[in-house]
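Asker: Sequence:
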Amino acid sequence: MGRVGRRNVVAVAATLMTAAACVLSATVAPAGAQTRGTAQPVRGSADNVVNLNEIQTINTHNSYKRETGLAEQAAYDEIVGNPGAYRNGLGYSHASLADQFEHQNVRGIELDLRPDPEGGRYRYPMVRRDAGLGPLTDPAWSEPGIKVFHVADGDYNTTCVRFVSCLRQVKAWSDAHPAHVPVTIMLELKGSDRAFAERGGVVVPPWDAAALDAMDREIRSVFGDDELVTPDDVRRPGMTLNESVTKVGWPTLAQTRGQVMFVFNNVGNTSPYTDDGHPNLEGRIAFVNAAPGQPNAAYRGRDEVIQLFGEIQDLVRRGYFVRTRSDYSLSTVREEDFSLIEAALDSGAQVISTDFPAVGMAARYDSDFVAQLPGALPVRCNPVNAPRTCRNSLLEPPD
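Per mature numbering (1 follows the signal peptide of the UniProt record, and there is no 0), the sequence shown runs over residues -33 to -1, 1 to 366.
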């Protein structure tokens, strides 16, 4: 079962606005009075009725990303041999992680990770050298630890250089809003980029068992056990993870409020994470992107929402936690193509990833595209598998 709410919240009173402008009082019990598996629900909430896989949220894609300067963009285009490649494919930037949660009603993020055990490996990107610019001056680039950015040597600008820095931003917001629904943190394990590697670019260390162990340690250096939803929390005694989610179900909101859940976007290269005593993700933090029916299957990424619409709905009904996307490229934005976000919403995928979660972000492309839940809510009842008693207004009471 999931871990319980954990913060010292003595009394949280708030006004809940429903569609009929009803007013409810929201309070949570002191975390110190709770024990694992006996969390006190938020009054007037859906805590004991709705499981964490029976809701739907908007998450951002490449959530840390900021665009590089014009000189670096020109160098990028030259290296990849495609004029306008940067602007046409990578021309978007995100607010800080805290602002995404606070002002854009995002409830999940995605981080691209690269090992840097000694520190300094990515301090001088090729695009800066080719543009006649010096190494990066932020000391965080020289510190040991996993780094967060998009393309090695090519698209490096980020709102949080170190993985632990990103996580601390999430934790700070979470601590200030202890009644939030679980935040999903998607992890993509990145390597070298071919176009830059062929020109002598940086060599990204492999994601071997040591690197993955280091990743788990960095997560645990920021979040305590009672702040995480892990495979061990979901797996039932005597059952595989797959059996647990398909036959019994996920923890409730009462058991997971104020917590975060890590999942891998990668498919096929996370085997070191399950080797050496972790076949069912025992002791691990993140859920892997495993094929349905595999013993460690619980999460599945299915980005092609139009083509895989029926499959996504089937996975959701069977108990899996699914991620899809609402905009694959900037062409979606320029064409104001809302068919993807509409399909994503109807698919029941619990996580919908976007690069444009707020009104106005697409205006630079003369577009009004935005990917939001109806009413710009932070969370809603899942249209495919939520219980009939679920009410959007009760899912995340305001602070």
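Heads up, a few of these hints could be off.
Here are the simulated distance ranges between beta carbons [unchecked claim]:
hint: 1; residue 1: S188; residue 2: R301; range: 40 to 48 Å
hint: 2; residue 1: R203; residue 2: P102; range: 48 to 56 Å
hint: 3; residue 1: G86; residue 2: D304; range: 17 to 25 Å
Heads up, simulated EDC-like pairs for lysine to aspartate or glutamate below, C-alpha to C-alpha not over 16 Å straight-line [unchecked claim]:
hint: 4; residue 1: K138; residue 2: E210
hint: 5; residue 1: K138; residue 2: E194
hint: 6; residue 1: K214; residue 2: E155
No wet-lab data here; the hints were simulated from the structure. Only a predicted model underlies this, so the values are computations on that prediction, with no experimental measurement involved. Built from N, CA and C at the ideal position, the CB exists for glycine as well.
Asker: Taking the hints in turn, state whether each one holds.
Answerer: Here is what the structure says about each hint:
Between S188 and R301 the Cβ separation comes to about 41 Å, which falls inside the hinted range of 40 to 48 Å. Take R203 and P102: their Cβ atoms lie about 51 Å apart, and the range 48 to 56 Å holds. Checking the proposed 17 to 25 Å range against G86 and D304 shows it is violated: the Cβ atoms sit about 42 Å from each other. Of the supplied pair hints, the one linking K138 and E210 is violated, its CA atoms being roughly 31 Å apart against a limit of 16 Å.
Distance hint between K138 and E194 is fulfilled; the C-alpha atoms sit about 9 Å from each other, no more than 16 Å. Taking the CA atoms of K214 and E155, the gap is about 29 Å. The hint is violated against a cut of 16 Å.
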